[in-house]
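Trainee: Letter by letter, the chains look like this.
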Amino acid sequence: MVMLMLKVENLHVNVAEKEILRGVDFELASGELHVVMGPNGSGKSTLALTIAGHPRYTVTKGRIIFDGEEVTRAKPEERARKGIFLSFQHPVEVEGVKVINFFQRTLKNLRGIEEVEAYDMIFKAVEELGFEGSMLSRELNVGFSGGERKKLEMLQAYLVKPKLLILDEPDSGVDVDSLKVIAGVIARLHKEGTGILLITHYGRILEYLNPQRVHVLKEGRLVVSGGMELVKLIEEKGFAAVNGDETAVKA
Amino acid sequence: MKQQSRLEEILKAGSLEEILGTAVPYPKEIELRGEITEDVIREISRIKNEPEWMLRHRLKALELFKKLPMPRWVVGIEELDLESFSLYSKPEVSNEIKDWDDLPENIRKTFERLNIPEIEKRFLSGLTAVFDSESVYSQLKEEFEKKGIIMVPMEEAVQRYPDLVKRYFGRVFPPGEHKFSALHHALWSGGAFVYIPKGVRVPFPIEAFFVIGSALEGQFEHTLLIADEGSYVHFIEGCSAPMYKGFSFHDGMVEIYAHRNATVKFTTIQNWSRNVINFNNKRAIIEENAYVEWIEGSIGSHITYTYPSSVLKGEGARTAQYVVSLSNGQYLKDTGAKTWHLAPNTSSKIVSKSISANGGINIYRGLVRILKGAKNSTATVSCDSLILDEESKAYTYPHNQSDEPSASIIHEATTGKLGEDKLFYMNSRGISEEEAKSLIVLGFISEILEGLPFEYVEVLKKVIELEFSEVGGVG
Amino acid sequence: MRSNELSNERPSGLSDERSNEPLITREALEKLTYQKYGDSPTIKSYTKWKLFEENSPLRLPTEAKAGEVPIRGNITLSGSEASFDLPDGVELGEGTLGLSQPEESRILGFHFYALKKAYRLKITRDLVEPLVIASHLSRRAFISHHISIEAEDVKAPIIIYDFAGKGAKSLVVELKARNAELEILTVGRHRALSHYLLRASLGEGASVRAFTVISAGEMSHHREDYSLEGKGSELILRGMPIAIGSAVDYLTNVLQYGEKTASETRVHGFSYENGWTVHRGVAKVFESARNSSSGVVSQITIMDEGSLGVSVPMLEVDTGEIESAFHSSAVRQFDEDALFYLRSRGLDSDEAMSLFVHGIGEALSGHLERLRSKARSATAELVEELL
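Chains as they are written, first to last, in this note's numbering: chain V, 1 to 251; chain R, 1001 to 1475; chain B, 2001 to 2387.
Since the hints were made in silico from the structure, they are not lab data.
The C-beta atom is built at its ideal place from N, Cα and C for all residues, glycine as well.
Where hints are given, some of them may not hold.
These stretches of chain V come out as covered by chain B in the derived footprint (C-beta under 8 Å, 3 or more residues) [what the hints assert, rightly or not]:
(1) 50-60
(2) 104-115
(3) 166-174
(4) 231-239
Bound-form chain V, shown alone:
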C-alpha cells in the first residue's frame, strides 16, 4: 500500500483577481514521479507556486494536503520545513550572499545540519554531481546563466533531499549537456524515494526519466491524465490534440 503524500482537491487559484486555476484535482503517492504538461498560460507555474505557498497566489477554493496535513494556508517557510521543495523556473539573484553560506543556512533550516558539517556535505555533493566548485564562492545566482541557475537549484534539492520536489520547468533555457545533468539529479532523487512533481512545457527532459503519470493542464484544469503515451501524442500533434473528451484515458 503506497502512502499518499500530496493531495490537491478542487484547487481554485486567483492572481490579482484573475482566476488561473479552476478546479485542479490530483494525488501523488510518496516516491512517485508525476509530470504536468500544458501550453503556455495554462497555469502550470501557478500550480507549482501555489503548492509552495507564494503569497501572490490566492487559493479561493479547494485544499492542498501534504503528508496528511492541510497546508493550504501555511507559510512558504513552513511548507519548506515540512519537506516541500520548489525548484524555481526563474531563481532570483540575491546580491552579496555567497552560495556556500546560503546553502549552509538552508541545510540548517531544512535539515537541522550544523554549519561545519553542512560545509563538508556541500563540497561533497558538488563533487558527486560533478559540478564546478567555484560556483560556491559566487553570489547567489548573480550573473549566473540560465543553465547554471537550474543546476544550482538541483544541487540544493540534492542537498535538502525533500519529501516532495516540485520542478518548475527545469528544462527551459538549458543546453543539452545541462539537461542531462539535471535529469540525472532528478532520477537519482527519485530513486532515493523523493516524490516528484515535474512541470514542463516540452517533453524533452522526459527522455531521461520514467514518470508514473502524466497530467495535461489546459486553461486552469487538468483535462487528462495518463501515461507516457500522452507525451508522445503531444509531441506529434500538439496540445490541441489532447482533450479530456477525446482522449482514451481520462483524469
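Using the hints, position chains R and B against chain V.
Mentor: Same frame as chain V, now just chains R and B:
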C-alpha cells in the same frame, strides 16, 4: 598642494549650488516686460463674441497671472514683451503668413530644393495658412455627426456646447497652476474641442490642422478632448502654427479627460521655426481602467518646455508618455513627463529620448509621484540621451517619489555618444557622416516610431534626415 | 573681515586662536538661506530645515562637555573637547583647506558660527592601520566639528564615526588628495539632528573608495561632494542610508572636470516605521572631462506602510566625448519574488529580509579592501536595528 583646487574657485564664485543642478545652466531667465490690461482681455472676448462666463474665466485668470510668481526653473534667453500680446486681439494684424514669400528665406529654399509632398510640407513648415483645414472637416463631418462626435474649433464650442465646455474647460489644467497657465487661460484663442461619445471608437487618427484665424492668436491655442466611457480616439496634432520672421512666444494648452475604459492617444509633432519660445501645458485626467498615451515629438523651436502630464485618478488607470526631443543647433529643449498615481493598480510608463547636436541642449525633467493608497501601482521611466558632438549637452532631472510601499518606481537613464568607431565603420561602407547621423538617430528613436501611423513615421524620418543634411538645421 | 570686536561677541571657544577658519557674523548669518533655490515639483529638498532653525547655535549653547564616546579614535571630538592619539605619519595642524565657506548656506553659516576650532591632518606616509576620527555629541547644544585631511603620495584607510546623540551636531570634513589611494568608511549613527558635509578635491592620480552607512536621527542631512579634477582621478562611492522612524536626506554630488576621470555612485537606502529616506545623487561631467565615465545608481526600499522613499539621480553631461554615463533609480518594496524564494528555502520573513539587507551591505562594501570587515560589522549592527 599649494595649487588652488577647482572647488575653491567655484566656492569663491559662489556658484556650487548652481552647478549642482538646482538651476539649468542657461544664461538668462525669461523676463516679462509690459503688462496685460483688463481692457485687452475684454477686447479679445468681445471680438470672439463670448458669453459672460468665459469673459469672467479670462479675467479671473488674468488676476492669477498677476499674482503668481515667475517659476524659478524656467530659464531662457529672451525677454518676452507682454505689450506685444495686446496685439493679439487686434484682427487687423498684418504679419500673418498668407503666402510662400512670408517664410524665412532659408526654409523656403529647403523646400524648393527638396520638392517634398504636401503632407510633409505641412510638417516642415507648420504653415497652416496654406493648408485647407476646411476640407478635413467637411470630409469627416457626416460620419462624425452620425456617431455624435463633436470636433469644432474651441471658439465654436463655447458658443454651441456651453454646458460641456463649462464642465471641463480649465478643470484638468486650471489657470492657477502656474504663471503661464494663468496667462494661457486669460489669452487663449483657437484650438479644438473634441468630444467622443460613450462607446464610440474612431477607427482612424484624427489629424488636427486647425484654422488659426489671426496668426498670433494661435500662439495660445486651447485643445479640450473628452473621451466618454469606453470610447477610443487617436488625435494627431501637427505643428499647426504659422512661422514668423520675428520672435514669438507660444503658450498652448491641451486638456484631456478620459472617462472609464476610454483610450486616448494624443500625438504632437512640433517643428516650429527657430524663433519660437514654446511653452506647452498638457494634462490628462484618467479615470478607472482608462488609458492615455502621449507622444510628444519636439524638433523645432528656439526653446521648448513641454511635459505631458497624466493624472491616474481611477483604479486601474494607465498611461504611457513617449517624449522625443531633438536639439540640433543652439537650441534648448526642456522636456519630460509628469505622472501622478492617485488610485490603486495604476501604471505608468515614460520613455524619453533626446538627441543633442551642434551645440544643442536637452533637459529631461520628469516627475513620478505615487501617493499613499495607490496600492500595487507601478511606474517605469527610461530616458536615454544621445549626444552627437562635443558642443552638445544633455541633462536629466528625474524626481521619483513613492509614499506607497506596495508600489514601485523604476527609473533608468543612459547617455551615449555617437562613437567615432561607429561613424568610421559607416563611412567605410560608403555612408556619409550626415546619413550616418540620421541613421543612428532614427535607430535611437525607433521604439517610439513604432507607435505612430506609417505616414507620420515617413514624414518624421524625412524631417530628421533633413535636419542632418547639408541644408538642414532649418531656421 | 576679521575684527576683535566681532570675535569678542562670539561665545568664547576653547582656544583664542581663531586665525585659520572662516568667520561669520551674526548679521551675515541672518541673511543666509538654507537653499539657494526654492523647491519645485522636480527639485525639492527633503531636509526639515525648521528643526535646525529651532536648534540653531542662536538658540542652543555652542559648548558642551564631552560624553561617553562609543569608539575612541585617533582624533576624538566629543562636545567641545578634543583628544588626539595620532599615529606616525600623521601631522596635526589647525584651520581648514578652504573647501567650505560660511556664506554658502545657512546651515554652513551655523556651522562656522558655532565652530571653535578646525583641525588639519596631513598624512605623510602610508598607513596600515586606519586613521579613525570620531565626532560625538551627547548633550543639548549646537556643536560644530571640522576636520581637514591632506593626502599626497600615500595610501591610507580612514574611518569617520559620526554620532549625534542629542541637540544638533555639524561635522564638516574637507579632503584634498593627490596621487593617493584612500579608502573612506563613514559610519553615521544618530538620534538627534545631524549635519554632515564632506568636500573632497581629487587631484591627479587620486583614487577614493568610499562607503557610507547612516542610521538616521531625528533629521540627518548628509552630503558628500567630490570634485574629480585631476586627470585619471577615480571615485567609487557606495552608500546605505537607513531611516527607522527617522529621516535622512542623503546627497551625493560628483563633479568631473579632469580628463579620463571615472566615478560610480551606488546607493541603496531603506525606510521603515514612518521613516524618510531620500537620496539625491548628482553626477556632472563637464566639458573638460573628456573620455570620462560616470554613473549613479540609486535605490530605496520602502519596508512598510507609512514610510517614504525618494530617489533623485541626476545626470548632466556637457561633453559628447564620454566613455559612458548612466543613472538608474528605483523606489520599491522588497521584491516579493525574491522574498518568496528565500522563504521557500525555510527562512521566515524576517530572516529573509535580514539576509537581503545584509547581502546588499556586503555587495556595497565589496569595493573596499582594508576596511571591508569594518564596513561589514558596521552594516551588520544597523541591519540588526532595522529588523
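Trainee: A separate judgement is required for each hint: does it hold in the structure or not?
Mentor: Structure-based check of each hint:
no.: 1; hint: 50-60; result: holds (count 5)
no.: 2; hint: 104-115; result: holds (count 4)
no.: 3; hint: 166-174; result: violated (count 0)
no.: 4; hint: 231-239; result: violated (count 0)
The structure is inconsistent with the numbered hints 3 and 4, although it conforms to all the rest.
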